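Asks: Those protein sequence lines, which keep their order, are chains A and B.
In terms of this note's numbering, the numbers along the first sequence are unbroken and rise by one, the last being 306.
In terms of this note's numbering, the numbers along the second sequence are unbroken and rise by one, the last being 456.
What the hints contain is simulated information worked out from the structure, not anything from laboratory work.
Simulated restraints on C-beta separations:
{"id": "1", "chain 1": "A", "residue 1": "Phe281", "chain 2": "B", "residue 2": "Leu292", "range": "35 to 43 Å"}
{"id": "2", "chain 1": "B", "residue 1": "Leu38", "chain 2": "A", "residue 2": "Val303", "range": "22 to 30 Å"}
{"id": "3", "chain 1": "B", "residue 1": "Ile273", "chain 2": "A", "residue 2": "Lys168", "range": "36 to 44 Å"}
{"id": "4", "chain 1": "B", "residue 1": "Met5", "chain 2": "A", "residue 2": "Phe244", "range": "50 to 58 Å"}
{"id": "5", "chain 1": "B", "residue 1": "Val257", "chain 2": "A", "residue 2": "Gly288", "range": "40 to 48 Å"}
{"id": "6", "chain 1": "A", "residue 1": "Lys168", "chain 2": "B", "residue 2": "Tyr323", "range": "58 to 66 Å"}
{"id": "7", "chain 1": "B", "residue 1": "Ser369", "chain 2": "A", "residue 2": "Phe281", "range": "19 to 27 Å"}
{"id": "8", "chain 1": "B", "residue 1": "Cys321", "chain 2": "A", "residue 2": "Glu51", "range": "18 to 26 Å"}
{"id": "9", "chain 1": "B", "residue 1": "Ser177", "chain 2": "A", "residue 2": "Ala172", "range": "17 to 25 Å"}
{"id": "10", "chain 1": "A", "residue 1": "Gly151", "chain 2": "B", "residue 2": "Ser369", "range": "52 to 60 Å"}
{"id": "11", "chain 1": "A", "residue 1": "Lys168", "chain 2": "B", "residue 2": "Leu31", "range": "33 to 41 Å"}
{"id": "12", "chain 1": "B", "residue 1": "Cys321", "chain 2": "A", "residue 2": "Phe244", "range": "47 to 55 Å"}
{"id": "13", "chain 1": "A", "residue 1": "Val303", "chain 2": "B", "residue 2": "Arg425", "range": "54 to 62 Å"}
Just so you know, these numbers come straight off a predicted model, no measurement behind them.
C-beta: ideal position from N, C-alpha, C; glycine also.
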Amino acid sequence: MIAYLLTIVLLLLIAPLLLSFIKALKMRLLFKKPVSIWQGYRNFAKLMHKETIVSEEASAITRVAPFLVLSPLLVILFFLPPVVHGAYYVSFVDAFTITGLIALSTFFLMLLGLDSASAFGGMGSSREAFIAALVEPAMVLTIFSVSMMAGDLGVGQAGVNLAAHFPKEHMASFLFAAISFFILLIAENGRIPVDNPETHLELTMVHEAMVLDITGVYLAIIETASSVKFVIFASLFASLFLPFGLDYSTPVAIGVFVFKLFAIAAAVALIEVNTAKLRLFKVPNLLGIAIVFAFLSLITFYVLGA
Amino acid sequence: MSGVMLKVAIYGMFRFLFDVLYPWPLEWGVLILVIGSLSALIGVLYALSEHDIKALLANHSIENIGIILIGFGMGMIFDSMHLKVLSSFAFIAAIFHTFNHMSFKSLLFMGAGSVLHQTHTKNIEKYGGLIKRMPVTALTFLLASVSISALPPTNGFLSEWMIFQSMLGSSHLDNTSLKLAIPFAVFALAMTGGLAIACFVKAYGITFLGLHRSTNAKHAHEVNSLMRTGMVLMAGVVISLMLFTPWYIGQFDAALVGLGHTSVYARLFPEGIWHMHSAGMHGGVVSPLILLGALLGVTALLMFGYKALRVKERIHRTWSCGYRTGARTQYSATGFAGPIRRFFGWLYKPDEHFHKESIAGHGSKFSDSHYEVHVKPLFETTLYDRVAKAANFMSYWVYRLSHFEQTRYAAMIFNLMLTVLFSYRIFAHEFSWATLLLEGTVMIISIKILIIGEKR
Numbered sequence: 001m002i003a004y005l006l007t008i009v010l011l012l013l014i015a016p017l018l019l020s021f022i023k024a025l026k027m028r029l030l031f032k033k034p035v036s037i038w039q040g041y042r043n044f045a046k047l048m049h050k051e052t053i054v055s056e057e058a059s060a061i062t063r064v065a066p067f068l069v070l071s072p073l074l075v076i077l078f079f080l081p082p083v084v085h086g087a088y089y090v091s092f093v094d095a096f097t098i099t100g101l102i103a104l105s106t107f108f109l110m111l112l113g114l115d116s117a118s119a120f121g122g123m124g125s126s127r128e129a130f131i132a133a134l135v136e137p138a139m140v141l142t143i144f145s146v147s148m149m150a151g152d153l154g155v156g157q158a159g160v161n162l163a164a165h166f167p168k169e170h171m172a173s174f175l176f177a178a179i180s181f182f183i184l185l186i187a188e189n190g191r192i193p194v195d196n197p198e199t200h201l202e203l204t205m206v207h208e209a210m211v212l213d214i215t216g217v218y219l220a221i222i223e224t225a226s227s228v229k230f231v232i233f234a235s236l237f238a239s240l241f242l243p244f245g246l247d248y249s250t251p252v253a254i255g256v257f258v259f260k261l262f263a264i265a266a267a268v269a270l271i272e273v274n275t276a277k278l279r280l281f282k283v284p285n286l287l288g289i290a291i292v293f294a295f296l297s298l299i300t301f302y303v304l305g306a
Numbered sequence: 001m002s003g004v005m006l007k008v009a010i011y012g013m014f015r016f017l018f019d020v021l022y023p024w025p026l027e028w029g030v031l032i033l034v035i036g037s038l039s040a041l042i043g044v045l046y047a048l049s050e051h052d053i054k055a056l057l058a059n060h061s062i063e064n065i066g067i068i069l070i071g072f073g074m075g076m077i078f079d080s081m082h083l084k085v086l087s088s089f090a091f092i093a094a095i096f097h098t099f100n101h102m103s104f105k106s107l108l109f110m111g112a113g114s115v116l117h118q119t120h121t122k123n124i125e126k127y128g129g130l131i132k133r134m135p136v137t138a139l140t141f142l143l144a145s146v147s148i149s150a151l152p153p154t155n156g157f158l159s160e161w162m163i164f165q166s167m168l169g170s171s172h173l174d175n176t177s178l179k180l181a182i183p184f185a186v187f188a189l190a191m192t193g194g195l196a197i198a199c200f201v202k203a204y205g206i207t208f209l210g211l212h213r214s215t216n217a218k219h220a221h222e223v224n225s226l227m228r229t230g231m232v233l234m235a236g237v238v239i240s241l242m243l244f245t246p247w248y249i250g251q252f253d254a255a256l257v258g259l260g261h262t263s264v265y266a267r268l269f270p271e272g273i274w275h276m277h278s279a280g281m282h283g284g285v286v287s288p289l290i291l292l293g294a295l296l297g298v299t300a301l302l303m304f305g306y307k308a309l310r311v312k313e314r315i316h317r318t319w320s321c322g323y324r325t326g327a328r329t330q331y332s333a334t335g336f337a338g339p340i341r342r343f344f345g346w347l348y349k350p351d352e353h354f355h356k357e358s359i360a361g362h363g364s365k366f367s368d369s370h371y372e373v374h375v376k377p378l379f380e381t382t383l384y385d386r387v388a389k390a391a392n393f394m395s396y397w398v399y400r401l402s403h404f405e406q407t408r409y410a411a412m413i414f415n416l417m418l419t420v421l422f423s424y425r426i427f428a429h430e431f432s433w434a435t436l437l438l439e440g441t442v443m444i445i446s447i448k449i450l451i452i453g454e455k456r
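Isolated chain B, as found in the complex:
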């Protein structure tokens, strides 16, 4: 769902911009870059404070669409500054990230769906220890988490690397104010990356690691083979995007050439598929396959060495300050996001409830305590709630109108006619401030007297 539906909007935007609005002014690119940066940061911040796993992933979609828009905005800026190669590079980065997001977000939602199916709750505070019960789900979820956190050598890293590279290409622009502005977008993107890592450590760690936090999680089992197959297939898509990056980029490149853009494939892969170069001058180079090989090789070597040592292994209780580890002594998702929530308190404006029963008037000794925190997203309070309030207000007036007596209706028709006549005179016939003022006053008085009437 999220994999395709959100991309329809992005696709529509791409088509509309390319087909209808092609030579766009510079400001539009900047606008999209700003919107993208803000959306990325705000999306990941709200994802961090979210405890409903589906809402968490949905907030991450906001973040990733923001990242795509950053790449897209950079492409538009370069295009209007006539840097065709860099522009194609940034557009390819944006499209590649769109595909990557499609792959790993679908995988994450499948994993979340499996967990939901088994535990019958969406609250991640009620999960825990699911890796022992659901190994396939846990493994695929881990792959997707690493990928969405933009960690090498996964596909998420590659596309984010391309977007970063296209932003570093901004040093070729001959517009100083833009050059100074783009580091702020770099900052936003890097911050987003860091926070995404924190968020997915939280999502993965609280869901799959540790001890079960509820009986539902205790009795969870691996999902049926059909659901497992789905997740494994999607993991295959993620891995294929990682392994066959040059082929995918070739496809995107061909698509952009079809739209009249410069081809950059030859610049990205000048010496075969092993190294991917940045399109800008003095840009970086990344070699996904070598990196993957090196990481796997070194890890395998280390594990082989460990096996060769034949270390005695014992499973036992480890020390935790003399207390027994229990489900309730673990860190919760709320606690995990605590430092970040506190640091960004000015944005979250969290709704906190703290209650404790203290013993004999002591401040620090208590028998029972309860802490609850809710974060309501900014756009929910400002956009949705205010609109709802306005709709309420209007419906109240419509309600009052529909319960008027007949004389009021007649008065309303009279007022409407007055409005039409006056507005014809003002807007179509001739305009003067004096008549506007006079007629406005007449209108207000007649509305007040005839329609609103006295206050009851």
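The following block holds chain A by itself, in its conformation from the complex:
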């Protein structure tokens, strides 16, 4: 139980660090002077002390939506697979619920974008709706195939099962599912081939456009939500597709887990440096690849049993 609560606190604390780490690594690779990896916390502290300005056109949705964007993601944190062998985990939540909770958070984020009556918010919401609609099938199919290999649909249970018995005999479909999930990780978190989190240019932005009218504590909440979302996806990837290192003693196991998170963040940073952002109408091609890999994973599992 202690390990369980400790993991949740750790994930919450590490969330801003991971995003700052990606940024710092990217800047170093581009021969810029990197930002401090503590920048995420500094931004948070700064925003917490600011006053909140609410747009004249905004309604009650703006005052409620930030909380509803964050709370489903916080609830998911409690449902993630364990990182230490024998630790408590929630066995009764399945992957569909987690997909649904993420979609709930996105739903309110899109409403928030439309609420302030600015053209940017609407644009961001429209694009996010487009991307989210295509992410959904890939996500469900990947879940389907992973659940088949893990022998359980519950996320916590699947993580435990995969760690106890790594599906060597289903390696091909496992890899296909991993590729598909990684593309989804990038798409859902708005990283570079899909969305550029760093610019405020209307041609490129999706997520940033929706939160353009939000300030102060509300912005801090939204930023926290996006970092928590990244940490959720990274830790799901770590637990489901890199299921090793649980058997060590508690501190070592947690250390291995954190290392895995940073490795995933580094992979995302490398992809960001090496690829250009796709046009919005090319994004479906990328997500189509994710869908095709998810199908391939299922088909290899059924037909070849590999």
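Given chain A, work out where chain B should sit, using these hints.
Replies: Then chain B, alone, in the frame of chain A:
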């Protein structure tokens, strides 16, 4: 209306299949699954391109009936493969979704009716900012939107979760081609879910959020207390379906047992009402009440924390690139659905009109522009328009017939007699290709000469 009338058809289908056609072949289940998947996808895609709020909701009914049919088709497939437990599970999922759709669709139509009553227009491009004017309508509409988008912890999510679970049960089938085919239906259902979210963000955001887009919307008020009561009561039904899921499922289960199916209630709720298990092996578990409690608890905690911080709040104009926000600078419903309409352009085949007055021959500078897009549904162009064309064609010939002179009538009677005699000979007496050919030729010549005559 939509809540009950569409369900009558579903009810009729259920009864007919169970009472009359009971041991159905496997192909029928597959057929219904295919029809359901296509109907769900096409329904939600046309809903997205629709700007008339009532037509939008009606297209969503097409989608939801599709989802119900997916559950129903899965139940039929499992039944003909002798997986009785999974079959009952899928049927319960379909019936539960029928009830959920009844509840939230009625609520949505009530909300749409209230908005229509106040603004006197069905075009959602003319709404906007109604949440400030009509808070009760907006709140109930939001509840129904979340529910129809199948987002947890609402009842819409629960029934869609059950349908997904029954599809994952397809890994128990011992028919490889079916096993490979069902992921496509999973894909269709998941895609439908994603597009439904997009569609309801559009419907809710454009209708209730932002600035009013017309004077009608500016002067809208909350509807009278009778209409409000109706919406609140219907919202109560939605919430009761969400809270008392086990009880409702118990009822559906009892109904299916009455039809000779296996009871699955004990498998769905083995340890009390808190967790709902899937009927398949290694299936998932969902706990609606815990989820609802956790979400409400965390949100309340966050809001309490925000209150405790005592943040200074100021209402002011926010930055929008130096322009003033106005009703015309907002995103419109057409614009919102733009990316999806463009991606599915091959299906929509939109009818676009773009007109601009450019200044001094510049391509990019213009004083006035006008953009209009219409999407005519596929079934409207192929099914309705073609049928109308055929009816027109036939009525033209009937018209010509009724204006013949008497000799032509006599010729027609003669031809009719010839037809009767020939067809008696061919179909009832004896058949040979040679006589068929000969008599056919005679018929054609006599019709040509005697009835049609020369072209005038």
